[in-house]
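If you read the sequences in order, they're chains A and B.
Numbering of the first sequence is given in this note's numbering, commencing with residue 1 and proceeding in unit increments.
Numbering of the second sequence is given in this note's numbering, commencing with residue 1 and proceeding in unit increments.
Among these hints, one or two may not hold up.
To be verified - Partial list, derived from the structure: chain B residues whose beta carbon lies under 8 Å from chain A:
(1) 94
(2) 262
(3) 270
(4) 322
(5) 323
It should be emphasised that the hints constitute simulated quantities derived from the structure, not laboratory data.
None of these values were measured; they are calculated from a predicted model.
We treat Cβ as the ideally placed atom computed from N, Cα and C, and that holds for glycine.
Number of protein chains: 2
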Amino acid sequence: MRATLMHGAGDVRSEDIPDPTLVEPTDAVVRVTAASICGSDLWPYKTLEPSEEGRPMGHEAVGVVEEVGDEVSIVKRGEMVVMPFAFSDGTCLFCHEDLHTECLHGGFFGNGGPDAGGAQAEAIRVPQADGTLFPLPTDADEALMPSLLTLSDVMGTGQHAAVVAGVTEGKIAAIVGDGAVGLCGVIAAKRLGAEQIIVLGRHADRTDLAREFGATDVVSERGPEGVERVRELTDGLGAHSVLECVGHDESTQTAIGIARAGGAVGRVGVPQSETMPGSQTAFFGNIVVGGGPAPARAYMDDLLPDILDGKIEPGRVFDRTVGLEEVPDGYRAMNEREALKVMVRP
Amino acid sequence: MRATLMHGAGDVRSEDIPDPTLVEPTDAVVRVTAASICGSDLWPYKTLEPSEEGRPMGHEAVGVVEEVGDEVSIVKRGEMVVMPFAFSDGTCLFCHEDLHTECLHGGFFGNGGPDAGGAQAEAIRVPQADGTLFPLPTDADEALMPSLLTLSDVMGTGQHAAVVAGVTEGKIAAIVGDGAVGLCGVIAAKRLGAEQIIVLGRHADRTDLAREFGATDVVSERGPEGVERVRELTDGLGAHSVLECVGHDESTQTAIGIARAGGAVGRVGVPQSETMPGSQTAFFGNIVVGGGPAPARAYMDDLLPDILDGKIEPGRVFDRTVGLEEVPDGYRAMNEREALKVMVRP
Numbered sequence: 001m002r003a004t005l006m007h008g009a010g011d012v013r014s015e016d017i018p019d020p021t022l023v024e025p026t027d028a029v030v031r032v033t034a035a036s037i038c039g040s041d042l043w044p045y046k047t048l049e050p051s052e053e054g055r056p057m058g059h060e061a062v063g064v065v066e067e068v069g070d071e072v073s074i075v076k077r078g079e080m081v082v083m084p085f086a087f088s089d090g091t092c093l094f095c096h097e098d099l100h101t102e103c104l105h106g107g108f109f110g111n112g113g114p115d116a117g118g119a120q121a122e123a124i125r126v127p128q129a130d131g132t133l134f135p136l137p138t139d140a141d142e143a144l145m146p147s148l149l150t151l152s153d154v155m156g157t158g159q160h161a162a163v164v165a166g167v168t169e170g171k172i173a174a175i176v177g178d179g180a181v182g183l184c185g186v187i188a189a190k191r192l193g194a195e196q197i198i199v200l201g202r203h204a205d206r207t208d209l210a211r212e213f214g215a216t217d218v219v220s221e222r223g224p225e226g227v228e229r230v231r232e233l234t235d236g237l238g239a240h241s242v243l244e245c246v247g248h249d250e251s252t253q254t255a256i257g258i259a260r261a262g263g264a265v266g267r268v269g270v271p272q273s274e275t276m277p278g279s280q281t282a283f284f285g286n287i288v289v290g291g292g293p294a295p296a297r298a299y300m301d302d303l304l305p306d307i308l309d310g311k312i313e314p315g316r317v318f319d320r321t322v323g324l325e326e327v328p329d330g331y332r333a334m335n336e337r338e339a340l341k342v343m344v345r346p
Numbered sequence: 001m002r003a004t005l006m007h008g009a010g011d012v013r014s015e016d017i018p019d020p021t022l023v024e025p026t027d028a029v030v031r032v033t034a035a036s037i038c039g040s041d042l043w044p045y046k047t048l049e050p051s052e053e054g055r056p057m058g059h060e061a062v063g064v065v066e067e068v069g070d071e072v073s074i075v076k077r078g079e080m081v082v083m084p085f086a087f088s089d090g091t092c093l094f095c096h097e098d099l100h101t102e103c104l105h106g107g108f109f110g111n112g113g114p115d116a117g118g119a120q121a122e123a124i125r126v127p128q129a130d131g132t133l134f135p136l137p138t139d140a141d142e143a144l145m146p147s148l149l150t151l152s153d154v155m156g157t158g159q160h161a162a163v164v165a166g167v168t169e170g171k172i173a174a175i176v177g178d179g180a181v182g183l184c185g186v187i188a189a190k191r192l193g194a195e196q197i198i199v200l201g202r203h204a205d206r207t208d209l210a211r212e213f214g215a216t217d218v219v220s221e222r223g224p225e226g227v228e229r230v231r232e233l234t235d236g237l238g239a240h241s242v243l244e245c246v247g248h249d250e251s252t253q254t255a256i257g258i259a260r261a262g263g264a265v266g267r268v269g270v271p272q273s274e275t276m277p278g279s280q281t282a283f284f285g286n287i288v289v290g291g292g293p294a295p296a297r298a299y300m301d302d303l304l305p306d307i308l309d310g311k312i313e314p315g316r317v318f319d320r321t322v323g324l325e326e327v328p329d330g331y332r333a334m335n336e337r338e339a340l341k342v343m344v345r346p
């Protein structure tokens, strides 16, 4: 089949690789109908060591179940499913706590691990199929596919940031970052009832979309000026809930700086440093900092009806669609911020 | 009156200073019957710049209200009260959220600020008396005074760590640090229903007391060995709730390292660095890090009955009592870890 492999920083190729097959009895093979390129794919795109064998890429997909192993009993052949970016057994103590990304038998797709095939391909092997795959209603409208695809990562990740940041009815939420996750964070904050939604970003086309998703204020300043501006917008107090959707030191410092005393920061941008800035600021403000890889699987039941009803349209974050042969150019376009988020249609 | 002033690192003196008087109509003057030296007083004891005027020290006290300003209506002259380490108006939005240490009109005693007199003295001016002072029952047993005094800081601080770390019935709590706050954290974790309580400390007399307070396990190893040991004690998973009661980089790293995925760290040790270690570890474990200066005032209503009933005895953390003239030696003894916590009886 055709698949996307990254052979080093900036070196993405569409290639022929063997078709995926069942390895464990708990596996399924899914034929991918839509996948996408993630902001987190841009990290290896900037930094991956060169290799001859290459790394299969992609961790977000919607597709049709093609084969199931002998121990797969929930997921059925022929079903349309969403594949979250992490696989999980659905039965361990962490899965029962809705923390599927900490599953004792889980892992992450497209990260180079032995069980972690790539979704930017014609098909993918899915370990722990029963716990991982989320069956879609048979009558789901094709026009909803982009939004359903966001359940695999960005919408669930925005939701996780909002949940961890404790967004509730009538509160002030601030979102640091205007990428696809930040925009989904706006949707999540609106959906959870935030009254004022401030988005920090400087790309007009993205912040315009943020406004359509429910943002009430846009702050284009960064660093101390951005903090100052958010404080002006919040009676000097800051936001109850801050969604950190970037992961850089500067954005983390900003996120903590704009949180109100006693507030919370939900981090979903993968932190690029092992030390976190703003530790004393967070401490003296009694600000809680939480978050991590989103248990996207856990949020699907909750988010699906709003997508089916058209109440939320996270699929609008896709502004480009490519075939498998054009995936390398999709990476280039996202890396150069020419595209916000790229959908892949194998 | 006699009072304690710090004139620089290691330079604590008992001196004559003017008696405190009412300045604002919301003030009270409290005659101190018992005060204490706090672990946090040892930071200026190690680092304070020399000064001629000196800084009035002490922020934990029990005493009798001697005078009240015209606008003080709740607190009465002659009442026995606990004075928490921070003053607060009791009416602002943060006080209403039980976050008195973030009060819009509040501040901290004994930190050198203009409204921040010291409690290691015969008397102290208390701003925002109605919001700050906590009246005690008239029949409170003198033998309970040490425990009641801990409501001013260490018991409330241990409680805050446990609350922020989300200690609940049947969970595993781990306490990093065997100082007075850590020991009160053990009491708080036990009181909130933790089933397994692991204390990390290496002073046998303190960890023995921790066991009497309810600790089920003691880990004397530090750093990666300490993390390893806690994991062994918790089926490899770590503790649901970790109370960080030290504030050093190493202890913070340990606290995050021993937290279970999806768990929480409640920090009450004042962080000595502006960057926090363990940021990625916390992120990939979806571990929440919260905490800050404890709203000791907010916890008094809840903790008082258990002290009056003898259910908890946090006053046992005091292992030395001195008069005002011996306070300098009290600092020395605590700094040299000869004493765990020193009570001051003016």
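Checking each numbered hint in turn, tell me which of them this model violates, lowest number first. Hints 4, 5 not satisfied by this model.
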